[in-house]
Every structure is written in structure tokens, then in C-alpha cells.
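Just need the whole structure built from these sequences, with the hints factored in.
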Amino acid sequence: MIPDDRLYTAQHEWLKVEDGKAVLGITDFAQQELGDVVFVELPAPGQEFAAGSEIGAIESVKAVAEIYTPVAGSIEAVNDGLEDAPEVVNEDPYGEGWLVRLRLAEEGPPDDLMTAAAYEAQLAG
Amino acid sequence: MTRALRTVLYRCHVESGARFGPFAGYEMPIQYQGVLAEHRAVRERAGMFDVSHMGEIRVRGPRALSLLQGLTPNDVGALAPGRAHYSALLTERGTFIDDLLVYCLDPEDYLLVVNAASRERDLELLQRAAEAEDGGVRVDDQSDETALIAVQGPRAAEIVSDVVGAAAADLRYYSFLRDHSAEDEAQRLVSRTGYTGEDGFEIYTPPERAEDLWAAFLERGRDVGLIPAGLGARDTLRLEAGMMLCGQDIDEETTPLEAGLSWIVKWKKGDFIGRDALARQRERGCRHRLVGFEVEGRGIARHGHRLTVRNAPDCAGPVTSGAFAPTLGRAIGIARVDCGGGLPAPGSAASVTVRGREIDCRIVKLPFYRRPKAGV
Numbered sequence: 000m001i002p003d004d005r006l007y008t009a010q011h012e013w014l015k016v017e018d019g020k021a022v023l024g025i026t027d028f029a030q031q032e033l034g035d036v037v038f039v040e041l042p043a044p045g046q047e048f049a050a051g052s053e054i055g056a057i058e059s060v061k062a063v064a065e066i067y068t069p070v071a072g073s074i075e076a077v078n079d080g081l082e083d084a085p086e087v088v089n090e091d092p093y094g095e096g097w098l099v100r101l102r103l104a105e106e107g108p109p110d111d112l113m114t115a116a117a118y119e120a121q122l123a124g
Numbered sequence: 000m001t002r003a004l005r006t007v008l009y010r011c012h013v014e015s016g017a018r019f020g021p022f023a024g025y026e027m028p029i030q031y032q033g034v035l036a037e038h039r040a041v042r043e044r045a046g047m048f049d050v051s052h053m054g055e056i057r058v059r060g061p062r063a064l065s066l067l068q069g070l071t072p073n074d075v076g077a078l079a080p081g082r083a084h085y086s087a088l089l090t091e092r093g094t095f096i097d098d099l100l101v102y103c104l105d106p107e108d109y110l111l112v113v114n115a116a117s118r119e120r121d122l123e124l125l126q127r128a129a130e131a132e133d134g135g136v137r138v139d140d141q142s143d144e145t146a147l148i149a150v151q152g153p154r155a156a157e158i159v160s161d162v163v164g165a166a167a168a169d170l171r172y173y174s175f176l177r178d179h180s181a182e183d184e185a186q187r188l189v190s191r192t193g194y195t196g197e198d199g200f201e202i203y204t205p206p207e208r209a210e211d212l213w214a215a216f217l218e219r220g221r222d223v224g225l226i227p228a229g230l231g232a233r234d235t236l237r238l239e240a241g242m243m244l245c246g247q248d249i250d251e252e253t254t255p256l257e258a259g260l261s262w263i264v265k266w267k268k269g270d271f272i273g274r275d276a277l278a279r280q281r282e283r284g285c286r287h288r289l290v291g292f293e294v295e296g297r298g299i300a301r302h303g304h305r306l307t308v309r310n311a312p313d314c315a316g317p318v319t320s321g322a323f324a325p326t327l328g329r330a331i332g333i334a335r336v337d338c339g340g341g342l343p344a345p346g347s348a349a350s351v352t353v354r355g356r357e358i359d360c361r362i363v364k365l366p367f368y369r370r371p372k373a374g375v
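Taken in sequence, the protein lines are chains F and R.
Position one of the first sequence corresponds to residue 0 (numbering that gives the first Met the number 0), numbered consecutively onward.
Position one of the second sequence corresponds to residue 0 (numbering that gives the first Met the number 0), numbered consecutively onward.
No lab work stands behind these hints, which were simulated from the structure alone.
There's no promise every hint is true.
[Claimed, not checked] Among the chain R residues that face chain F by a calculated CB cut under 10 Å, a handful are:
#, residue
1, L35
2, I299
3, V353
Every residue, glycine too, gets a C-beta built ideally from N, C-alpha and C.
Here is the structure:
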């Protein structure tokens, strides 16, 4: 099931926006496509990014996928647990496998993201 | 683009939940449960691969031996019936067209097992050479009449011998036996060979028997933890074992001497294609060499990244294979470096640039992984 408490990008990332902050992760579909994740490269807290910029990368045994932020903001926290247990991205992509938390540069959620229903439709299509 | 080919075991893979990807014109299983689980199964228990995409070319006749001696660098004359060896087809420049296995069925009958991507070219080269032999050699492409299953891992011997016959367990490394399956007269060839760095077997079978054989291995292997493994795990396993992938690590710009495969070049056996170029290279030294390296920093070097040896900036070149090595728990790779100033010694500090970041590496001797000797 695709959680409906958050928004989605066409690059198979999710964004959960709350109180001017946003938690970013990849979807279950994305982790399945990647296969076993063995290394996650995350930005340093405090770094600022424009919407659409590359902030890190997820390496699986066979492939690498860049992480993009769909929103502008500064990195407030990163998921340090992934350093020793990158497989959590596979095991719990919508929960413990989150990647970074951003402090949003602009008020409110961006309007170009998809709802869970729209993302599900994209996957089906 | 023509439609991708499927092996006869395609339905078995779908049943086992395979995820497919394109490889050498085939739609091949890349993984089932996951590369890490499959890799671990082969190192600790057993894994089974469908490698039916590989090409099988039969070379027969009174002139077969002399033809193969002239086309491959290893000494086919030294092969007794029932033995196989690793060899290559080379260009006049001594570089790889393909790497292959040569099985000696009898002194006038050989089976060549070649890579799917170069099968057509190999076949053409062999057929052209056969024409010059004036009827003394017959070359047949038997790839479509041959399915190939590899069972690999420390528990492979008991599984394979239970399914195909006890004699399999007595085979020496790079030996094989031929038999008839109980149900009919279809020929089967079982060899103690593989591409994983573990003990293991490769079983060549007529396609119509392949599904039953696959099911029999799966059934017999279930108790000891055998699982089907895809090309993803095959790649990480062979890389840990320091085995070259043709078309990626070794190609038409690489000679066996540069690749650390000088042992397949037998100088005393007489002339073969590429010998003169290799002899010159042996005299003058190699300009490039393939070297192994381990990543010490955080990150994974991949094909196409660039490796530079510290304190020797001229000693640098592209990574030809790079991956996370599950058994070692870190990333490893092979790079093709310029070595005008000599080959970098094992232990030399090096670096690769990954997404703009320099990551520490160290040159290491191949293979990265050697299986523990069985305590017999």
C-alpha cells in the first residue's frame, strides 16, 4: 500500500510535509527497482539546496540512484542509522528508511507533487 | 531492435519470482530474492544459475586439434579426453575476441563454450578456419540444442551427484563426464567448472530436459539451502574471485598478458593467432595492466570511474568492473591502468573519483576472495 499521508514525485520519492518541515524518502517501488541497498550518501546538516537539486545518492549492489529534493530548503537532519544499516531503505522505505529532513525555504507544500492516488496511477500506467 | 530471446528455462524463472533484464540479446534473470541473499547462498550453501545463453560450438574431425591449436593460445594438445581448459580467441594483435572453455571429448572432438555476445563472430572465425582445412574439420553451432545450468557452492557436489549420478562428486576441477539421462538417450555433460570462485558444476543438457533438471536440483537442494541465483550475483561472485568479464574487463584492446592471464599462453606449443604480438609484448613490457583495488573510503567505484595511483599520477585509468563485494563487506574493482613506470605494487594507495568526491582505495592482488580449502 502507498501511504496517503504524504506526497510523491515522478522519480519515486516521497515527501511528508509538517510544520514547515519535510521528511524525504524513496518509495517501495524505488527500493524494489534498486535491489539491495549497500550504501547511502547523504548531505551534511545545514546544507542548503534549491528545488530539484541532487543532494546525495543511494547505491545498491548493482546500481546507483541520485537523491533529489523536490523542494527548496536546508538539511535539518539526516538518517544516521543508514550508515551502518543501509538495508533499512529496502526493509522500511516509508518509515525507518527515511533519508533526510529539510526545513522548507517556502511556506506550504509545493503544488507540483502527486497524491498517493495519482502516484499509484502513474505506477499502474 | 529484435525481440529479446528467452532461454528454455524462462517459465521456471517466472515461477521463482525472477526479475529480468537484457543481457547479450537475451531476457535473463538478474535476481530472484536479491543479489546479496543469492551471493551468500553460493558462498555458504549453493546457488543455481541458468546460463543457457552461453554459446556451444562443436569442432570435430581429424584436423580439429591442429585448427584449435592455431586459433587459441592454450595448449589443446595437452588436454586429455574428459578434461577442459580456459582459453581465448585472439586477434593478430594478441587481444581478446572472446574468452572460452575448450572441452576435449576425444582427440578429434572438442566443445567450445563461448560468450553469447561474441558467439556469431566466434562461429564465423572458426568456420572460416575450417574451410581452409579442406574437409578435415566440421564446425557446428550447438547453442540452440544446449541448455546450461550451473550449480555452485560448497554443497553443490552432494546435490549434483544425487541428481545426475555419484560419479560427479569424484570429478576433479576442470574435468567432466558425459552420460545419458535415465529416461532417454539424450546426452548430458557434467563438468566441475564455474564462474563464482566456489566449488561447483556446470551441466549441459538438451533443452527438452532442462526444466526437469532445474526442478530436480531445486527439489534436492531445498534442504541444504540452494536457491536460484541471477546474473547480478553471478557478477559479484566472479568479481570477488578475480575472474574477468569479456567485453568489459578484457576486450579487443586487452591482451592476456595485460590481464594477468599469461598462464593461458603456451609459448612452446607452436604458432597461434596473436603469438607474434604477444611475444613482442613480453619482450617490451605491457603499456596497460588490469589491477585489482579495494575501496577504503565510503562509496562504490563503478565501471567508467577513474582510478589514480597516489604518488604516481601517470599510473591511472578507467575502472572496468566495480561493485560492492558482499563477502568482503566493501567495494572492490578492477581497473585498466597505464603502467609506463611499472605496475603499482599491492598496497599502493590510490583513489577514485565518484560524484566529484575522491575516495581512498588500495591496490590489491587478485583474486579478492579465495574459497577456504575443503577439510577432506
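Taking the hints in turn, this is what the structure says about them:
no., hint, in the structure
1, L35, "4 Å, holds"
2, I299, "5 Å, holds"
3, V353, "9 Å, holds"
Of the hints listed earlier, there is not a single one the structure fails to meet.
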